[in-house]
Amino acid sequence: MMERDFGSALRTALAGLPEGAVESLEVSGSVATLRVNLGSLRAVLESLKSSPEAACDFPANLTAYDTGEEMFLVYRLASIERGWQALVLCRVDRSEPVAPSVTDLWPGFNWFEREVYDMFGVRFEGHPDLRRILLPDDWEGFPFRKDYVSRPSGSPLRGPQPIDRGAQG
Amino acid sequence: MSLEPRTDPNPPTAGPETPAKGPAIDAQALHQEILDLGTQGMVMNMGPQHPSTHGVLRLILTLDGEEVMACEPMIGYLHRGLEKMAERRPYRHFLPFTDRLDYVCSLANNLACAQAIERLAGVEVPERAQWLRVALMELNRIASHLLFLGTFGTDLGATTMLLYAFREREEALALLEAITGARLTYNWIRVGGLPDDMPETWDEGVLAFCDLLESRLPEYDRLLTDNPIFRRRTEGVGVVSSEDAKAYGLTGPTLRASGVAYDIRRWAPYEKYAEIDFDVVVLRDGDTFARYLARRLELEQSVRILRQVFDKLPEGPIASKVGKVLKPPPGIAFSQVESPRGELSFTMVSDGSPNPVRVHIRAPSFANLTVLADLVVGNKVADVVAILGSIDIVLGEVDR
Amino acid sequence: MIAQALENPWIRQLVNAAMLLAVINLGVLVLIYLERKVAGYIQSRLGPVHVGPRGWLQSVADAVKLVLKEDIIPAPADRFMFVLAPFFVFVPVLAVFLVLPFSSGWVAYDFSLAALYVIAAGTVAIMGIVMAGWGTNNKYSLLGGLRSAAQLISYEVPVVLAILAVVFFAQSMSLVEIAEAQRGFRWFIFQPPLLVAAFVYMIGQLAETNRTPFDLPEAESELVSGFHTEYSGIRFAMFFLAEFANTFFASALAVVLFFGGWDGLPGLTGALWLVLKSYVLVFVLMWIRWTLPRVRVDQLLGFAWKVLVPIGLIVVLWAAASVVYAGGVAR
Chain F
0 MMERDFGSAL RTALAGLPEG AVESLEVSGS VATLRVNLGS LRAVLESLKS SPEAACDFPA
60 NLTAYDTGEE MFLVYRLASI ERGWQALVLC RVDRSEPVAP SVTDLWPGFN WFEREVYDMF
120 GVRFEGHPDL RRILLPDDWE GFPFRKDYVS RPSGSPLRGP QPIDRGAQG
Chain H
0 MSLEPRTDPN PPTAGPETPA KGPAIDAQAL HQEILDLGTQ GMVMNMGPQH PSTHGVLRLI
60 LTLDGEEVMA CEPMIGYLHR GLEKMAERRP YRHFLPFTDR LDYVCSLANN LACAQAIERL
120 AGVEVPERAQ WLRVALMELN RIASHLLFLG TFGTDLGATT MLLYAFRERE EALALLEAIT
180 GARLTYNWIR VGGLPDDMPE TWDEGVLAFC DLLESRLPEY DRLLTDNPIF RRRTEGVGVV
240 SSEDAKAYGL TGPTLRASGV AYDIRRWAPY EKYAEIDFDV VVLRDGDTFA RYLARRLELE
300 QSVRILRQVF DKLPEGPIAS KVGKVLKPPP GIAFSQVESP RGELSFTMVS DGSPNPVRVH
360 IRAPSFANLT VLADLVVGNK VADVVAILGS IDIVLGEVDR
Chain E
0 MIAQALENPW IRQLVNAAML LAVINLGVLV LIYLERKVAG YIQSRLGPVH VGPRGWLQSV
60 ADAVKLVLKE DIIPAPADRF MFVLAPFFVF VPVLAVFLVL PFSSGWVAYD FSLAALYVIA
120 AGTVAIMGIV MAGWGTNNKY SLLGGLRSAA QLISYEVPVV LAILAVVFFA QSMSLVEIAE
180 AQRGFRWFIF QPPLLVAAFV YMIGQLAETN RTPFDLPEAE SELVSGFHTE YSGIRFAMFF
240 LAEFANTFFA SALAVVLFFG GWDGLPGLTG ALWLVLKSYV LVFVLMWIRW TLPRVRVDQL
300 LGFAWKVLVP IGLIVVLWAA ASVVYAGGVA R
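Chains as they are written, first to last, in numbering that gives the first Met the number 0: chain F, 0 to 168; chain H, 0 to 399; chain E, 0 to 330.
Be aware that a few hints might be false.
[Claimed, not checked] Quick partial rundown of chain F residues pointing at chain H, CB under 10 Å, derived from the structure:
#, residue
1, Val30
2, Asp56
3, Phe57
4, Asn60
5, Phe71
6, Gln84
7, Leu134
8, Phe143
9, Lys145
10, Val148
11, Ser149
FYI, nobody ran anything at the bench for these hints, they're computed from the structure. For glycine and all other residues, C-beta sits at the position ideal for the given N, C-alpha and C.
Turn these sequences into a full structure, and let the hints guide you.
So this is what it looks like as structure tokens:
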């Protein structure tokens, strides 16, 4: 029941998008898995959020993963009222990872995008303040990539640097 | 004497169609502007070592006297690269690491991790194990909320609350120690069930503890909830509207205090929560007091759940057999658990090998903390402490 | 030879002063122990138990420890202010004890303007706190010092008004005469306007002595330690002792003003009654400290100026009216 309703709601929501935007759509229970291409990522996310049928307006999760050959962004949007959630997977270019930012749609994804940048090097265009969040600002490299070489001795840290902000005390 | 209600820094937008606005203050730009203007906003550093930041969190506050003009939280002091460590070891070997995420509520982390592996690999959990998992989760929830009550009171100056809350928490930890052997980092959930059954009279101990806690709750109310000074410090402070709460991705009591009824135990029931009768605590005001009260009322609900567990606990195996080497089929799966702080979710990606390709931990404290920067602007320094306390973060899961 | 030396009035005064200092400091040590025990029992634990029988020597051990500590002056601090500040806080507290009567005839100096002197001398301590906050060159201390200055200045006014009401009834500013006027269980607390005045006075003194719910200057969870964050060793001991001595003085003064001073049942000497009653009030102050949370700075100042001061003014008018029309309590 839920599957059918959810499936049709999603198809209605994504109806206005160009051909090939959504590469695949599977619904299992209350979770839908969509694979979209990078060019239509923002349009898909906006449709999912603003369409009254799908109403996936809750930013549950944003992360990425790297298999060594491909790198994917994973968005999870939930609809609290309807009780379903959509998992959106989108492949990004591993050598030059760029993606559109969605912080204007969901301010909650601000730090999530910073973390994906910090760990994978994905540049989110339109992000107001894209810089490292968990690692020190002067860290070199993006650790969660499969081609990251971690250095057991001689870390990229250069020691504490005075932060020039007039901060004191 | 009346206190003007604190104005809501994020007034509710008109209707659900209006897109939520982005972060209201750009801390760096504002700071630069202040310096350019020549007016002195005092930049004060709170943390990373500070009695009130609940861990190693650094807040760079730009103050105008006592009022906060901008706040920039800096995290990462406790980053240990746990997610990367998970990629280098078999799935089940990561479970002990999960204790150290939200170390106040270790079992929730254990459960979320085990559930993700179970969904990825298609492992079933026997009935008895599911019921006991519920009992362990709720006992841990009580312990965590008691810690919150104590530290929140201390943040506001009522140090006695800490001692009272810890007195009861001690009982809860003793019970958890009786079954798991540890007081804080339990590591007592396995893929497929639990490592061992509960001791003989453990259920009587838990029920006795429930009675004890219920008898002590009026004392907590006399000390904090009904105290006029406490009310005045927390009512109307740091109001988050329900639209903003959703837009920022808040979860847990922080979200439910703003009027959004989202509790994973009801929304996407796991283990045996679908068969248990309990209320989801939802409050309308969205201020610091509401966030405090939500947790205080959840204590009563947890007691209610615990009592039902032992009525319905069936006999049976405590874990299902899982092979020595666990190689889940390729794919992606996620688990959702209602930890005391909110929605804790593990996302795992498998390519068929014994080690995961990726383990991502969606920590509720990480998402909840994003709202702090915009929430404290316009409030006093003392309110920063109160608001931060009411969001109830644990840096272990913020930083991972 | 000693008797001959005591003939000299200067030596006699010196001995008086030394005895007074000894009594005060001993009292403070007892008070510190009491605070920790009371805190312990309220918080469902024991408090100090190891050092000495039932922990009696804990305060002594603490005092010795503080004296032996390294004297650290932060490098960027303003040395002059930093060093001078503790004296400005400690000395006025001792100075006000000079006029406190422990019993009829047991007063270091029977000053006819004692009530005024007490208020004036107590205000000097505010300067010391601001000096400490500024001299430390530390933002937390600065915030604490400024908060404290605002708080102390604001709460002086209700305290002064309450004392004024008492002065009306006693027709004198001398503390000895105020206490004498209440002899025979005709305590001022039984007079309606002075009952209200007593509440105003006690709340004001809670703020004057920096005790919770008004302990903003030392708000541990917000400002680490407020204006005395960077002080250690003897300098910190001076702030610490000053706070406790002030607490005891505030209670003793309340007893003299409202609870009859050394008036009590026959059998015990007057001084003992005064001390006993003071300690009851001190216990109440401690009880309040360990139960209530802290108010916020704007709520604190709002409460002082919008609630306590108007009530204080009404009390003064009421007391004046009582004295003029209803006879009051004449000398």
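Consistency of the hints with the structure:
1. Val30: At 8 Å from the nearest chain H Cβ, Val30 (chain F) passes the 10 Å test, so the hint holds.
2. Asp56: 6 Å, holds
3. Phe57: 5 Å, holds
4. Asn60: 4 Å, holds
5. Phe71: It holds, given that the least Cβ distance between Phe71 (chain F) and chain H is near 8 Å, below 10 Å.
6. Gln84: 8 Å, holds
7. Leu134: 6 Å, holds
8. Phe143: 6 Å, holds
9. Lys145: 9 Å, holds
10. Val148: Val148 (chain F) check fails; min Cβ-Cβ to chain H is 13 Å, beyond 10 Å.
11. Ser149: Hint holds; Ser149 (chain F) Cβ to chain H Cβ min 8 Å, cut 10 Å.
In the structure shown, a violation is registered for the earlier hint numbered 10 alone.
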